[in-house]
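Peer 1: Chains as they are written, first to last, in our numbering: chain A, 570 to 783; chain B, 570 to 783; chain C, 570 to 783; chain D, 570 to 783.
Hints were generated in silico from the structure; no laboratory data involved. Hints are not guaranteed to be accurate.
Copies of one chain are not kept apart here, so a pair can be met inside one copy or by any two copies together.
To be verified - List of simulated lysine to any residue pairs, SDA-like, C-alpha gap at most 25 Å:
1. Lys602 x Leu665
2. Lys586 x Ala600
3. Lys782 x Arg588
4. Lys598 x Asp648
5. Lys782 x Leu741
6. Lys585 x Thr779
7. Lys585 x Glu769
8. Lys644 x Gln707
9. Lys682 x Pro712
10. Lys782 x Leu738
11. Lys666 x Ser696
12. Lys598 x Leu741
13. Lys782 x Arg714
14. Lys748 x Gly726
15. Lys748 x Thr779
16. Lys598 x Thr767
17. Lys585 x Leu723
18. Lys682 x Gly727
19. Lys585 x Asp625
20. Lys701 x Gln604
21. Lys748 x Glu775
22. Lys782 x Arg595
23. Lys716 x Asp625
24. Lys716 x Gly778
25. Lys666 x Ser694
None of these values were measured; they are calculated from a predicted model.
Number of protein chains: 4
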Amino acid sequence: MAQLPDRLLEGYAEFKKGRFPTEQGRYEKLAEKGQSPNIMLVGCCDSRAAPEIIFDSGPGEIFVMRNVANIVPHKSSQDDGIHGTTAALEFAVNGLKVEHIVIMGHGRCGGVKSYISAGDSEPLSESNYIGKWSGQLQAADNPIRYKALNRPDLDHGGLLERSSIIHSLENLYSYDFVKTRVLEGNLTLHGAWFDISTGELEYYEEEQGTFLKV
Amino acid sequence: MAQLPDRLLEGYAEFKKGRFPTEQGRYEKLAEKGQSPNIMLVGCCDSRAAPEIIFDSGPGEIFVMRNVANIVPHKSSQDDGIHGTTAALEFAVNGLKVEHIVIMGHGRCGGVKSYISAGDSEPLSESNYIGKWSGQLQAADNPIRYKALNRPDLDHGGLLERSSIIHSLENLYSYDFVKTRVLEGNLTLHGAWFDISTGELEYYEEEQGTFLKV
Amino acid sequence: MAQLPDRLLEGYAEFKKGRFPTEQGRYEKLAEKGQSPNIMLVGCCDSRAAPEIIFDSGPGEIFVMRNVANIVPHKSSQDDGIHGTTAALEFAVNGLKVEHIVIMGHGRCGGVKSYISAGDSEPLSESNYIGKWSGQLQAADNPIRYKALNRPDLDHGGLLERSSIIHSLENLYSYDFVKTRVLEGNLTLHGAWFDISTGELEYYEEEQGTFLKV
Amino acid sequence: MAQLPDRLLEGYAEFKKGRFPTEQGRYEKLAEKGQSPNIMLVGCCDSRAAPEIIFDSGPGEIFVMRNVANIVPHKSSQDDGIHGTTAALEFAVNGLKVEHIVIMGHGRCGGVKSYISAGDSEPLSESNYIGKWSGQLQAADNPIRYKALNRPDLDHGGLLERSSIIHSLENLYSYDFVKTRVLEGNLTLHGAWFDISTGELEYYEEEQGTFLKV
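Given the sequences, and given the hints that come with them, work out the whole structure.
Peer 2: Structure, rendered in structure tokens:
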């Protein structure tokens, strides 16, 4: 049998009698009119970093793409084949016309760790999908970038978690449809980093080129 | 300036003084020990279908991949290049050793709609990323499959939303590392569909080959 | 006839009776013992930015690679074929054991200009060698990088001239033989920018992530 | 810290108070009007062979490409990938419309030596960039060519240093944009060889097919 896992069934029952009734009108309206979120968030799959929880958001507010290590690939790797992150990006920007894109990373990121320790371990499968995917972090794993962060309090993982967010922000500009809307003033890009241990949140401050506490 | 959008800052403040204090111990423990969710969920980016809300789950419970229309691509399209969904899958199954994978679709799915109306409109960008991505639904858009669903109550969109979930479940078997663990009895696959209008939830019942209400 | 251009012959006569006699001993010694410069400089071909003039250096002091726009390509583009800049880099670091590498850019750089105006003009030849070469600047031509420079006094060209130097510094780390020596403390990397109009010199200050006047 | 190396800072201070003031007007004019050198020189990176010193040239006079062993690759090796020397060549000939190209070699060339001794030693790195680059000298390392030089005074290195210059001159003709301008009479090609020990200069005399003292 493949009914749903018990934990999900219990949680759903909770949602149905707890939160849903108070938001029912909103769900109905959103079903009728369609979604029109003005924020897209690219987050990590990590079970400890749920955007809707951290930002206490309701239905209809955030269009959420989640992949391992919250990476926006550079356009040059997306020309052939089918690509989910880029598809979501195109849909959000050109379809939904979101006004903000937030790249959100977080502490103790397993995807970042798997990149850092890649040399010490076997690929997780023969195809090495995660190796190829997290291999994108290489462009961000660079002492010049780390020095520019000017955050001597951080270890390698902490530096790469942040440097990688900046790199994804840069990569967003590789897509003409993003770049155009940013230059027109209709789209703003943001970087955020969530500390899963303390609950603290940092954001990317562009002019200092580093992350500051909210 | 690119501080975070106001709505997110407000929501974060709410989280920080509301939910976080009650779950702080749990966040700290998860930071220390690492995540070990036993469920992976592949959901849609849609702003109305947040898995952690619908399943009322806490930090550390669900590893969540989200892409447009909650699609698991067939292995044959993933051999070249870098691919986020498959990377997340490999990480969850072979790295985190999750015991369940849930493909969760939902009603009024924009990705499904964009596939159905693709002939009637221009691509969203020259690269047509979303067109290529949602083009994967074609294998599920089939009268034989619709008849097997035996759901005369559904329109084209409703049928494809469900048929596509079944197709993604089939695609999971194209990956040896998934197939092996399912056959060993260490991994169970599930399909779910959420009605954003009524809050109802359906699950995929394998033997009847269709979706039933929870 | 292809004797040398008159201007060069005149200049050489000047060198032979002016500077050479005072440095003859040094040239002889260097011929006998071989060169052992401790600085490698990657500069631009530009006729207004001669490193030995700007740094008033004598024979044997600087190993000088010059290409258009003083670019160090990323390793990933150098695996196939033959590549002069990378060959010079390997020779300097592993053969000559230089202790410093300086990437030196300059104002009004024609290579940078040609990249910026590439859309407005025909390629210079069918093969578009300069277009492909200066196309490497794309990774540095990014608003996120420009904002991090925090130099509102600069126009697009001035920003890219500097951002490109930082990018070349990052690219140096893509070569294991460079990275290793830097981490061992045997090699230091530097960025410099020369203003051909005023003679001013700027250097890259790593922690602020920007260029400051010497 | 990565300020500039002390030797460069001292040299720059010398330049700023010595040579710069006397040439300031020229630098300013060149900044305003852009460079228009009528000579391109392809030289070696060697620290003892600075073209601007040897030819006592001022700012704006020579467009200088420098690589190891002053090689112009044959077109056939330049069709794929990105190539700095060819980019500089295209820029000089078709962009700047230089009227002369000088290939300048020199004595005791480390690049030539590394080619000759390649069989006796390990590659300088796993990638063997310098080995691949100086491997281009093979086409010039030929007894027929050495006999035609008719220079019994020279050893293997001395012969190859000159033979290689002739080979690079030949290679220049593999580029249509060079060949065309030479045949039109708008571009002249030259070979030069500098003796770093004695300061002597030789030039390539086409009809005798060898190098003669200036």
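Peer 1: Name the hints, by number, that the structure is in violation of.
Peer 2: The structure breaks hints 4, 12 and 23; every other hint is satisfied.
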